[in-house]
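Visitor: In order, the protein sequence lines correspond to chains A and B. Every letter in the first sequence is one number past the one before it in my numbering, and letter 2, counting from 1, is 2. Every letter in the second sequence is one number past the one before it in my numbering, and letter 327, counting from 1, is 327.
Any given hint might turn out to be false.
As the list claims (entries may be wrong) - Straight-line distance between alpha carbons at most 25 Å, and here's what the computed SDA-like set of lysine to any residue pairs gives:
| hint | chain 1 | residue 1 | chain 2 | residue 2 |
| --- | --- | --- | --- | --- |
| 1 | B | 35 | B | 71 |
| 2 | B | 65 | B | 293 |
| 3 | B | 35 | A | 128 |
| 4 | A | 84 | B | 293 |
| 5 | B | 35 | A | 173 |
| 6 | B | 65 | A | 131 |
| 7 | B | 35 | A | 66 |
| 8 | B | 36 | A | 131 |
| 9 | B | 65 | A | 129 |
| 10 | A | 84 | B | 10 |
| 11 | B | 36 | A | 162 |
| 12 | A | 84 | B | 97 |
| 13 | B | 36 | A | 97 |
| 14 | B | 35 | A | 115 |
| 15 | B | 65 | A | 127 |
| 16 | A | 84 | B | 291 |
Stated by the list, open to error - So the derived label-pair ranges between C-beta atoms look like this:
| hint | chain 1 | residue 1 | chain 2 | residue 2 | range |
| --- | --- | --- | --- | --- | --- |
| 17 | A | 28 | B | 189 | 46 to 52 Å |
| 18 | A | 57 | B | 152 | 24 to 30 Å |
| 19 | A | 155 | B | 153 | 35 to 41 Å |
| 20 | A | 80 | B | 292 | 48 to 54 Å |
| 21 | A | 62 | B | 10 | 24 to 30 Å |
No wet-lab data here; the hints were simulated from the structure. Ideal Cβ placement from N, Cα and C applies to all residues, glycine included.
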Amino acid sequence: MDTKNPDEARPVLEGPDIARVMTRIAHEIVERAKGADDVVLLGIPTRGVFLARRLAAKLQEITGRAIPVGSLDITMYRDDLRMKPARAIGRTDIPVDGVDGRLVVLVDDVLFSGRTIRAALDALGDIGRPRAVQLAVLVDRGHRELPIRADYVGKNLPTSLRETVKVQLAEEDGRDAVLLGIPGAANSAPATGEQ
Amino acid sequence: MMRHLISAADLTRDDAVLILDTAEEMARVADRPIKKLPTLRGRTVVNLFFEDSTRTRISFEAAEKRLSADVINFTAKGSSVSKGESLKDTAQTLEAMGVDAVVIRHGASGAPYRLATSGWIDAAVINAGDGTHQHPTQALLDAFTMRRRLIGRDTGLGQDLTGRRVTVVGDILHSRVARSNVDLLHTLGAEVTLVAPPTLLPIGVGEWPCEVSYDLDRVLPKTDAVMMLRVQRERMNAAFFPTEREYSRRYGLDGERMARMPGDAIVMHPGPMVRGMEITAEVADSDRCTVLEQVTNGVSIRMAVLYLLLGGNESEAAHQAQAGTHSPRSEHSASTASEEK
Numbered sequence: 001m002d003t004k005n006p007d008e009a010r011p012v013l014e015g016p017d018i019a020r021v022m023t024r025i026a027h028e029i030v031e032r033a034k035g036a037d038d039v040v041l042l043g044i045p046t047r048g049v050f051l052a053r054r055l056a057a058k059l060q061e062i063t064g065r066a067i068p069v070g071s072l073d074i075t076m077y078r079d080d081l082r083m084k085p086a087r088a089i090g091r092t093d094i095p096v097d098g099v100d101g102r103l104v105v106l107v108d109d110v111l112f113s114g115r116t117i118r119a120a121l122d123a124l125g126d127i128g129r130p131r132a133v134q135l136a137v138l139v140d141r142g143h144r145e146l147p148i149r150a151d152y153v154g155k156n157l158p159t160s161l162r163e164t165v166k167v168q169l170a171e172e173d174g175r176d177a178v179l180l181g182i183p184g185a186a187n188s189a190p191a192t193g194e195q
Numbered sequence: 001m002m003r004h005l006i007s008a009a010d011l012t013r014d015d016a017v018l019i020l021d022t023a024e025e026m027a028r029v030a031d032r033p034i035k036k037l038p039t040l041r042g043r044t045v046v047n048l049f050f051e052d053s054t055r056t057r058i059s060f061e062a063a064e065k066r067l068s069a070d071v072i073n074f075t076a077k078g079s080s081v082s083k084g085e086s087l088k089d090t091a092q093t094l095e096a097m098g099v100d101a102v103v104i105r106h107g108a109s110g111a112p113y114r115l116a117t118s119g120w121i122d123a124a125v126i127n128a129g130d131g132t133h134q135h136p137t138q139a140l141l142d143a144f145t146m147r148r149r150l151i152g153r154d155t156g157l158g159q160d161l162t163g164r165r166v167t168v169v170g171d172i173l174h175s176r177v178a179r180s181n182v183d184l185l186h187t188l189g190a191e192v193t194l195v196a197p198p199t200l201l202p203i204g205v206g207e208w209p210c211e212v213s214y215d216l217d218r219v220l221p222k223t224d225a226v227m228m229l230r231v232q233r234e235r236m237n238a239a240f241f242p243t244e245r246e247y248s249r250r251y252g253l254d255g256e257r258m259a260r261m262p263g264d265a266i267v268m269h270p271g272p273m274v275r276g277m278e279i280t281a282e283v284a285d286s287d288r289c290t291v292l293e294q295v296t297n298g299v300s301i302r303m304a305v306l307y308l309l310l311g312g313n314e315s316e317a318a319h320q321a322q323a324g325t326h327s328p329r330s331e332h333s334a335s336t337a338s339e340e341k
């Protein structure tokens, strides 16, 4: 049996791969939204926000227009709040023109159970009424617990529940990588990454 | 974060900054079309007020409702307390009803501490003012107001009040607001000076982590924020000072005195103000006066405190036991990316 330490996690995507998939997602958004005229990107803290900013930069390169980008913290909307110690709240920043009537693309690093996205939809509903909501994720690792799927996926990564997926981004972690690991028996709670 | 909020002195610098930062995010909720969060849905909070207080009770009630908690208001007047029921019996009744948090205001210093430590009740206890002892959420909202005005709404995030000079003027002897502020502002690194007639200073004030002065005019030019306390007319006959007029002349804040403060210094008051006594109408209505901002900020601070005390404590003990040495503090600093998705 593989009993690797999470520190020895195997990279499945590295810097150039991540840049490439973000470019592809940006093109897919432009294609589906027919020009991205009314697109608003909302990243889910922490790493979703960095990815949303990168996507906005790519979209600007492609369309020549500045794309509004913000962040949507979902902490207060989680369904497991009472099961864990109170956690620090992240930043919610909605672009000045709001989200009413716009196409909102939620951006996150990993899609797993789907509960974060459910919370994000609730949070979004309290902020305004978008024309439509789409979801872009860097990695979809499966194991959904809710009927939610992403519109744009950087990489589908079939995993077992024992495995951890850890996303590192230069803005937060000093380098870009997606790491797949298996926590050792002595360390069942991974320090970061997916649980 | 601790389980109860009894005294501003119990807060560490990190706890206090976490509350102020959380309140900053809570304040954004007030700018939205739907001013409500589902965070405390299904939780019951009791406002247990043994002493009259409209301002504080409404502020807590607004905070609880914005977080979707079920709110029960209990005032001693007309309740079983006026028939002689003890605090213990009231607490046990609330416990039997399954309340999750008790916001208590009591005339006796120490009543919230007793409630939190006696084992009568399992709920989180928040002190909303006890006797002349403490009023921690007032101190927090004052610090929040100072940080916003003196440092800035966004630039203040994560910051304390190191090096800021705060002057508290008036009836220090009877003021839980002054006590709470001295404790919290000291923790946050501010320099506090108390200014009052000697008769309105408590015994042992020399041991407090602050300066004491009898001369307001000398302190004002070196002040970033001056906090005027209400002079209670009911104390007028107790010979704490000769006449209302004399008090106003020496310790009241008028336009002329305010002009001696640095240009960006602010005037604070916990309310209710007695215009013409400790503060003139000119000062109270000036844009340096933050009284109404303090009221608005009070709701954000109380939302932050309720969230941090109640947001996730149901099985905290079980969670900690499961995670071994994993402390809730490290959870605060962990990014949401590390959470279940």
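Visitor: Next, verify each hint and record whether it holds.
Guide: Hint check:
1. Distance hint between residue 35 of chain B and residue 71 of chain B is fulfilled; the C-alpha atoms sit about 17 Å from each other, no more than 25 Å.
2. Among the hinted pairs, residue 65 of chain B with residue 293 of chain B is consistent with the structure: their alpha-carbon atoms are about 20 Å apart, no more than 25 Å.
3. Proposed proximity of residue 35 of chain B and residue 128 of chain A is supported: the alpha carbons are some 12 Å apart, at most 25 Å.
4. Annotation: proposed proximity of residue 84 of chain A to residue 293 of chain B is violated, straight-line Cα distance about 33 Å (limit 25 Å).
5. Among the hinted pairs, residue 35 of chain B with residue 173 of chain A is inconsistent with the structure: their alpha-carbon atoms are about 35 Å apart, more than 25 Å.
6. Our distance criterion of 25 Å between C-alpha atoms is broken by residue 65 of chain B and residue 131 of chain A, whose separation comes to about 29 Å.
7. Pair hint residue 35 of chain B plus residue 66 of chain A does not hold up; C-alpha atoms about 30 Å apart against a cutoff of 25 Å.
8. Distance hint between residue 36 of chain B and residue 131 of chain A is fulfilled; the C-alpha atoms sit about 22 Å from each other, no more than 25 Å.
9. Straight-line distance between C-alpha atoms of residue 65 of chain B and residue 129 of chain A comes to about 23 Å, which keeps the hinted pair within the 25 Å bound.
10. As the CA atoms of residue 84 of chain A and residue 10 of chain B are separated by approximately 23 Å, the hinted pair is consistent with the 25 Å bound.
11. Restraint check for residue 36 of chain B and residue 162 of chain A: the C-alpha separation of about 37 Å exceeds 25 Å, so the hint is violated.
12. Straight-line distance between C-alpha atoms of residue 84 of chain A and residue 97 of chain B comes to about 24 Å, which keeps the hinted pair within the 25 Å bound.
13. Of the supplied pair hints, the one linking residue 36 of chain B and residue 97 of chain A holds, its CA atoms being roughly 21 Å apart against a limit of 25 Å.
14. At roughly 23 Å between alpha-carbon atoms, residue 35 of chain B and residue 115 of chain A fall within 25 Å of each other, so this suggested pair holds.
15. A distance of roughly 18 Å separates the Cα atoms of residue 65 of chain B and residue 127 of chain A; the hinted pair therefore holds under the 25 Å criterion.
16. Restraint check for residue 84 of chain A and residue 291 of chain B: the C-alpha separation of about 37 Å exceeds 25 Å, so the hint is violated.
17. For residue 28 of chain A and residue 189 of chain B, the hinted distance range of 46 to 52 Å is satisfied, since their beta carbons lie about 50 Å from each other.
18. Judged by the Cβ atoms, the range 24 to 30 Å given for residue 57 of chain A and residue 152 of chain B holds: they are separated by roughly 28 Å.
19. For residue 155 of chain A and residue 153 of chain B, the hinted distance range of 35 to 41 Å is satisfied, since their beta carbons lie about 39 Å from each other.
20. Look at residue 80 of chain A against residue 292 of chain B: about 38 Å separates their beta carbons, and that is not inside 48 to 54 Å.
21. Between residue 62 of chain A and residue 10 of chain B the C-beta distance comes to about 54 Å, which lies outside the given range of 24 to 30 Å.
In summary, the structure is inconsistent with hints 4, 5, 6, 7, 11, 16, 20 and 21 from the numbered list given earlier, while agreeing with the others.
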